[in-house]
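Novice: With the hints as a guide, dock the two chains, each given alone in a separate frame, to form the complex.
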Amino acid sequence: MSVEVCTSYDEAVADVADGSTVLVGGFGMAGMPVHLIDALIRQGATDLTVVSNNAGNGDTGLAALLAAKRVRTVICSFPRQADSWVFDGLYRAGDIELEVVPQGNLAERMRAAGAGIGAFYCPTAVGTPLSEGKETREIDGRTYVLEYPIRGDVALIGAHLSDRMGNLVYRKTARNFGPVMATAARTVVAQVDCVVETGEIDPEHVVTPSIYVDRVVPAGAREEVPA
Amino acid sequence: MTTSQTTSQTTSQTTSSPRTKHEIAAAIAADVAAAFPRGAYANLGIGQPTLVADHLPPGSGVVLHTENGMLNMGPAATGDEVDPDLTNAGKIPVTELPGAAYFHHADSFAMMRGGHLDVCVLGAFQVSATGDLANWHTGAPDAIPAVGGAMDLAIGAKEVWVMMTLLTKDGTPKLVPECTYPLTGLGCVDRVYTDLGTFEITRDGVTVRDVAGTTVEALRDLLGPAVLPG
Chain S
17 MSVEVCTSYD EAVADVADGS TVLVGGFGMA GMPVHLIDAL IRQGATDLTV VSNNAGNGDT
77 GLAALLAAKR VRTVICSFPR QADSWVFDGL YRAGDIELEV VPQGNLAERM RAAGAGIGAF
137 YCPTAVGTPL SEGKETREID GRTYVLEYPI RGDVALIGAH LSDRMGNLVY RKTARNFGPV
197 MATAARTVVA QVDCVVETGE IDPEHVVTPS IYVDRVVPAG AREEVPA
Chain L
32 MTTSQTTSQT TSQTTSSPRT KHEIAAAIAA DVAAAFPRGA YANLGIGQPT LVADHLPPGS
92 GVVLHTENGM LNMGPAATGD EVDPDLTNAG KIPVTELPGA AYFHHADSFA MMRGGHLDVC
152 VLGAFQVSAT GDLANWHTGA PDAIPAVGGA MDLAIGAKEV WVMMTLLTKD GTPKLVPECT
212 YPLTGLGCVD RVYTDLGTFE ITRDGVTVRD VAGTTVEALR DLLGPAVLPG
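Protein chains in written order, with the numbering used here: chain S, 17 to 243; chain L, 32 to 261.
Since the hints were derived computationally from the structure, they do not count as laboratory data.
Worth double-checking, as some hints may not be accurate.
A partial selection of chain L residues facing chain S, derived with a Cβ cut-off under 7 Å [unchecked claim]: (1) Asn99; (2) Met101; (3) Gly105; (4) Asp116; (5) His135; (6) Phe140; (7) Arg144; (8) Ile175; (9) Gly179; (10) Gly180; (11) Leu217; (12) Asp221; (13) Val239; (14) Val242.
The model shown is predicted, which means the values in this text are computed figures rather than measured ones.
Glycine included, C-beta positions come from ideal geometry on N, C-alpha and C.
Excised from the complex, chain L in its bound form (with noise of 0.2 Å):
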């Protein structure tokens, strides 16, 4: 995994009509392919994250942990490979590839927290400066709450990337200097891929990776210095 690789991924991204939702996602999500390392064992989240199976290349060798109890998932099962006994974390039926193991929830949550998996793959509401996430609780008073396995994997994953788009719709930049949302995990997010670029969060605070149709003095403006100092 080089940078020279992910950049050549994200000048993709960049098109002259806009985007929809879905064309984001998916161009984040294959950003996000790309950078796996070879065999990597890793989790993707419920929602946008799930898409990054649809852009691993051929031959990558990723062995995909589902948190309810099964490590090498394939994909999405359809007609009569429907299984009731076969889902996702989202609840979708899917499909087991060669080599797949299942397991019990405390083993897969042990396998989590222990620091087996390379890399999981996480949505965001907000990420800070110093890597706290937020991703599972707007905190409004008539949210029902439901964190499911995310506090677990944003603790326990090797590497913890996010992605999301990098603003808000109203325009708010999503990577912040301190979360206003209730936290996930402290410290724990490692890279953040949005449509705008990906970011890297370490003891020294956040780099940018690349950039994907804008400038790193853009993005300096939008998100401020406590986000990224000049």
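So that you can see chain S by itself, here it is in the shape it has in the complex (with noise of 0.2 Å):
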């Protein structure tokens, strides 16, 4: 089963449906999968809720979707950055809703949704003001709180390497949230440096396992700019 190649980004994105929920791959801008944000935006779809760690940096990639009003809420770890002015503008003015997650929740969170886990009991801020509210539960001495998966109706992910199946290799510090978001989402779209054929890549050496991918779009590929 080969996975779908994209010739234009915009072909990649075309179903995203008005309301979905968007996991957002990268760690500031590495492994931002900018060119499928752009044609996300040309697309159209609004009312999103986005799943990423930042929420956008500069005025490119997620920020651009930002700033063109299509998100009604962003789920991230770390929205305040020195270069985070698109989202700072739209938080103060009440027109973005913010869901502060750690870190690390953000992540098992999503892994929990890709690996069937119907919630989790974790550490990670017991006793903050981010666990308010929240159940908990005391495991051999220790308090823990139960956390429930995020699932997206798509992923948008950066990676290095895709072959024709789909299997997908990432570059360094790029790879962060990518394999993860490429498990909890319905459909998974990866913008790659490059695909190559079927075999090319060690089956050894193979992070995200075609499984999980349902179109890849290589550099170069076609951006439907609106005449």
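Specialist: Set out below in structure tokens:
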């Protein structure tokens, strides 16, 4: 079974519906699928919930999606940064909802979604404002907080290589949330530097197996800039 | 690691002229670096704790973990070394050392939460006498909350060390009977490195590990009996 290799970024995100939960890979700009986000802006889907570590850097990528007013809610660990002026402005104006999640919980909640786990007890955030109102349980003398999965309708991630099956390899710390998000969304789209022939990636080196990946878009694909 | 080693490091902090903020942070970072067990797996929080890397002695064997998915992170990248796909937790371009490994975010935080890191070093607004940590949010109504990996690190590493100045700009102690800022973690801090001395926090309370340019009695006066009983 081969992955769908798209010839344009726009084709890869054409079916994202209004109101979708979109998992967006990247830690800062490393691993951020900027071309897919740009295509999503052109596509026009709105009222989105975006799950990503940050809430946009500078004026491109996720920041541009926020600036286009397509995002109702951001679920992230670290929205406030030196270059997060787009998010800061929307948040202070009351134009965007924010759920702050400890970074490890963000990853583990998506891992749980992808692994079929209904919920899990986690020691992070016990006794802090981020666990207020959540169920807790003492296990072997330690207190844990009940955390629920985060599922995506679509995941947009960045990777280094894909083969024609959709097996993915990442580069350095650009791997970050990609492999986790790839398991946690119904439709997974990866922006990659290069698509190689099946068999060219050593099976021992595959990080995200093809079963998780629906579409890949190689660098240099078309960007359908409206006339 | 012995107390005498640490003490010999801290004496170098004592200078007659007022030190800049950076000099103070560098001196604290040097104390922390000198106390790392050989070959420790360690995470340095963003901000001032990253300075600790500059003070690790050659051959320390310390392996640095960065939350965004890497072990054996090297120094900051310069010139041609800069690669947008290789950054630290503060999004600064860094390098990799031989023996480095990359992994995804769920693994990176499992590593933390699972108690595999020997030490993490974090900054703080406040630390309480029972080891509660407040370092993520001032609680100010107009502040945008951002926690990152601080809560996961605080409860995960085998040892949590804080580095901070002991006093705020207006002279208020940051080692307090009870934190007034929103908490990052409960009872998680084991040691506090400051410009005026190093403190151990155990089940039995706070003790002074060493002093820098002051005395235990003066620290007791400064912090009060609720923090440092006589």
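Novice: If a hint holds in the structure, say so; if it does not, say that too.
Specialist: Right, here's what the structure says about each hint:
Hint status for asparagine 99 of chain L relative to chain S: holds, with the closest Cβ pair at about 5 Å, below 7 Å. A least Cβ separation of about 5 Å between methionine 101 of chain L and chain S falls short of the 7 Å threshold, and the interface hint therefore holds. The restraint placing glycine 105 of chain L at the interface with chain S is violated, with a minimum CB-CB distance near 12 Å, outside the 7 Å limit. The restraint placing aspartate 116 of chain L at the interface with chain S holds, with a minimum CB-CB distance near 4 Å, inside the 7 Å limit.
About 4 Å separates the beta-carbon of histidine 135 of chain L from the nearest beta-carbon of chain S, less than 7 Å, and the hint is met. Annotation: interface hint on phenylalanine 140 of chain L holds; nearest CB of chain S at approximately 3 Å, less than 7 Å. Nearest Cβ of chain S to the Cβ of arginine 144 of chain L: about 6 Å, under the 7 Å cut. The hint holds. For the restraint placing isoleucine 175 of chain L at the interface with chain S, the shortest Cβ-Cβ distance is roughly 4 Å, inside the 7 Å limit, so the hint holds.
With its C-beta approaching chain S no nearer than about 4 Å, glycine 179 of chain L sits inside the 7 Å limit, and its interface hint holds. Below 7 Å, beta-carbon pairs count as interface contacts, and glycine 180 of chain L has one with chain S at about 4 Å; its hint therefore holds. For leucine 217 of chain L, the shortest C-beta to C-beta distance to chain S is roughly 4 Å, which falls under 7 Å, so the interface hint holds. Annotation: interface hint on aspartate 221 of chain L violated; nearest CB of chain S at approximately 16 Å, more than 7 Å.
Checking valine 239 of chain L against chain S: minimum C-beta separation of about 26 Å lies over 7 Å; hint violated. Below 7 Å, beta-carbon pairs count as interface contacts, and valine 242 of chain L has none with chain S, the closest being about 31 Å; its hint is therefore violated.
The structure fails hints 3, 12, 13, 14 (numbered hints given earlier, in ascending order).
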